[in-house]
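In order, the protein sequences belong to chains A and B. So in our numbering, spot 78 of the first sequence is number 78, and the numbers just go up one at a time. So in our numbering, spot 54 of the second sequence is number 54, and the numbers just go up one at a time.
A few of these clues could be false.
Using 27 Å as the maximum straight-line C-alpha spacing, the simulated DSS-like pairs for lysine-lysine come out as follows [what the hints assert, rightly or not]: (1) B:Lys70 <-> B:Lys57; (2) A:Lys49 <-> B:Lys71; (3) B:Lys9 <-> B:Lys83; (4) A:Lys49 <-> B:Lys57.
Keep in mind that the hints were calculated from the coordinates and are not lab data.
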Amino acid sequence: AQSVTQPDIHITVSEGASLELRCNYSYGATPYLFWYVQSPGQGLQLLLKYFSGDTLVQGIKGFEAEFKRSQSSFNLRKPSVHWSDAAEYFCAVGGSNAGGTSYGKLTFGQGTILTVHP
Amino acid sequence: DGGITQSPKYLFRKEGQNVTLSCEQNLNHDAMYWYRQDPGQGLRLIYYSQIVNDFQKGDIAEGYSVSREKKESFPLTVTSAQKNPTAFYLCATALASLGRSNNEQFFGPGTRLTVL
Chain A
1 AQSVTQPDIH
11 ITVSEGASLE
21 LRCNYSYGAT
31 PYLFWYVQSP
41 GQGLQLLLKY
51 FSGDTLVQGI
61 KGFEAEFKRS
71 QSSFNLRKPS
81 VHWSDAAEYF
91 CAVGGSNAGG
101 TSYGKLTFGQ
111 GTILTVHP
Chain B
1 DGGITQSPKY
11 LFRKEGQNVT
21 LSCEQNLNHD
31 AMYWYRQDPG
41 QGLRLIYYSQ
51 IVNDFQKGDI
61 AEGYSVSREK
71 KESFPLTVTS
81 AQKNPTAFYL
91 CATALASLGR
101 SNNEQFFGPG
111 TRLTVL
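Using the sequences and the accompanying hints, generate a full structural model.
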């Protein structure tokens with residue numbers, strides 16, 4: 001069964017500092033990987049996604065993530081955090097269901113809450 | 001204006017009552033999903049549907065029911081059998097033809113259900 005682990009429940013950084021949010025996944029085939037962001041009381045917004053090809057993917061709001069198959073990781077990074085980045089971040093994994101029955105399901109990590117200090 | 005709408009935004013229910021949460025989309029997406037979100041537990045899949053008149057149980061379907069009579073609509077009923085229904089409920093859609101999907105999901109704004 002597929003699973004996602006976000007080891008850090010809560011991270012605090014200063015505005016302008018760099019950020020890395022960790023994500024480790026377990027999946028038996030080639031994964032599709034996603035990072036979503038959620039502001040309090042809101043739905044989830046897609047930051048970036050990895051399907052295939054270049055393992056370093058760029059997303060919205062200056063975020064990037066790197067797929068490392070050998071480490072089963074897909075960590076999210078941002079070189080300089082802004083106060084508006086404070087939110088909860090979710091990593092998710094799905095997979096190609098060609099001929100399979102996954103029906104496009106995603107498995108989500110438990111989330112990492114980001115606090116930004118001025 | 002394309003998107004996913006969920007209504008109501010806030011919902012209060014007395015114990016023992018059934019309540020239905022609405023999810024409507026005009027993205028022409030085939031697949032629709034219902035998630036429950038509790039603090040510190042991420043998103044847990046309740047039900048999903050890839051095509052009209054067909055749906056499958058997710059990981060926590062007990063105490064919930066759904067229907068998919070139209071492509072645009074996927075209402076979720078929280079029944080009195082759900083022992084702890086207070087949570088934030090999220091609806092999502094995906095452009096998925098039967099048998100193939102890249103899993104990218106788009107989310108509605110959510111409904112917060114509180115049982116009094």
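Hints, one by one, checked against the model:
Distance restraint check for lysine 70 of chain B and lysine 57 of chain B: the Cα-Cα separation of roughly 18 Å lies within the 27 Å cut-off, and the hinted pair is therefore satisfied. A threshold of 27 Å between alpha carbons decides the hint, and for lysine 49 of chain A with lysine 71 of chain B the separation of about 26 Å falls inside it, so the pair holds. Restraint check for lysine 9 of chain B and lysine 83 of chain B: the C-alpha separation of about 21 Å stays at or below 27 Å, so the hint holds. For the suggested pair lysine 49 of chain A and lysine 57 of chain B, the alpha carbons sit about 26 Å apart, so the restraint of at most 27 Å is met.
Hint compliance for this structure: every hint is met.
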